[in-house]
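From just these sequences and the hints, can you work out the full model?
Numbering (full-length UniProt numbering), first residue to last: 1 to 165.
Treat the hints with care, as some may be off.
[Claimed, not checked] Dumping the calculated DMTMM-like pairs for lysine to aspartate or glutamate here, alpha-carbon to alpha-carbon at most 25 Å:
{"hint": "1", "residue 1": "K143", "residue 2": "D97"}
{"hint": "2", "residue 1": "K143", "residue 2": "E48"}
{"hint": "3", "residue 1": "K57", "residue 2": "D68"}
{"hint": "4", "residue 1": "K143", "residue 2": "D68"}
{"hint": "5", "residue 1": "K160", "residue 2": "E48"}
{"hint": "6", "residue 1": "K143", "residue 2": "D103"}
{"hint": "7", "residue 1": "K143", "residue 2": "E106"}
{"hint": "8", "residue 1": "K57", "residue 2": "D97"}
In short, the hints are calculated from the structure, not lab data.
Only a predicted model underlies this, so the values are computations on that prediction, with no experimental measurement involved.
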Amino acid sequence: HEARLRAPSQVFLMSPPTDTPSTTLPSTHADEHPTPTEDQPAIVTPWEVTGRVDYDKLITQFGCQRIDPALLARFEAVTGAVPHVFLRRGIFFSHRDLNALLDRFEAGTPFYLYTGRGPSSTSMHVGHLIPFIFTAYLQAAFKCPVVIQLTDDEKFLFAKQPKGD
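Structure follows, in structure tokens:
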């Protein structure tokens with residue numbers, strides 16, 4: 001019986017670049033999207049991020065744990081792979097169940113990585129690249145298969161338009 005690990009967008013949270021606050025928008029959008037204030041509540045959905053984001057609160061809300069130096073050291077010791085630059089530089093800064101996955105890998109229990117892509121434009125773009133780069137890295141580190149689902153069912157179900165019978 002194989003287990004699956006949803007990766008990476010379901011498992012790892014990404015941080016914004018450290019030199020650019022997540023709430024800064026280009027001046028061309030200033031009227032449409034005013035800069036959030038400290039007291040404005042953050043709204044984080046798959047389609048929108050508004051307000052000042054409290055990453056520690058998101059970690060708790062999503063049931064995640066911070067990726068710390070001890071976990072990175074364990075990852076390297078167990079897999080023999082140097083942690084990806086996205087991990088070392090804190091671009092991916094939290095996780096769900098990475099310790100459990102490392103336990104499975106140490107025990108030789110088979111698993112596969114599962115990720116997906118919902119179309120957000122007529123073609124793939126650079127924004128789609130980061131999760132695929134990281135998933136390919138995890139596949140090599142864990143020497144396991146990857147399943148990639150390409151679907152638009154979530155976008156259909158959550159669209160703000162009426163659905164036919």
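(request) Take the C-alpha atoms of K57 and D97, compute the straight-line distance between them, and say whether it is at most 25 Å. (result) Roughly 18 Å between the alpha carbons, so the hint for K57 and D97 holds.
(request) Could you grab the alpha-carbon distance between K143 and E48 and see if it respects the 25 Å cut-off? (result) violated, 35 Å
(message) Run the distance test for K143 versus D97: straight-line Cα separation, threshold 25 Å.
(response) With Cα atoms ~18 Å apart, K143 and D97 stay inside 25 Å; holds.
(message) Run the distance test for K143 versus E106: straight-line Cα separation, threshold 25 Å.
(response) Measuring from Cα to Cα gives roughly 12 Å; hence the hint holds.
(request) Compare the distance between the alpha carbons of K143 and D68 with 25 Å, and conclude whether the hinted pair is satisfied. (result) Measuring from Cα to Cα gives roughly 23 Å; hence the hint holds.
(request) Take a quick look at whether K143 and D103 sit within 25 Å of each other, Cα to Cα. (result) holds, 15 Å
(message) So if I understand the rule, the pair passes when the alpha-carbon distance is 25 Å or less; does K160 with E48 pass?
(response) Holds - the C-alpha atoms of E48 and K160 are around 14 Å apart, at most 25 Å.
(request) Mind checking the alpha carbons of K57 and D68 for me, to see if they're no more than 25 Å apart? (result) Holds - the C-alpha atoms of D68 and K57 are around 17 Å apart, at most 25 Å.
Checked against the numbered hints listed earlier, the structure breaks hint 2 alone; every other hint is satisfied.
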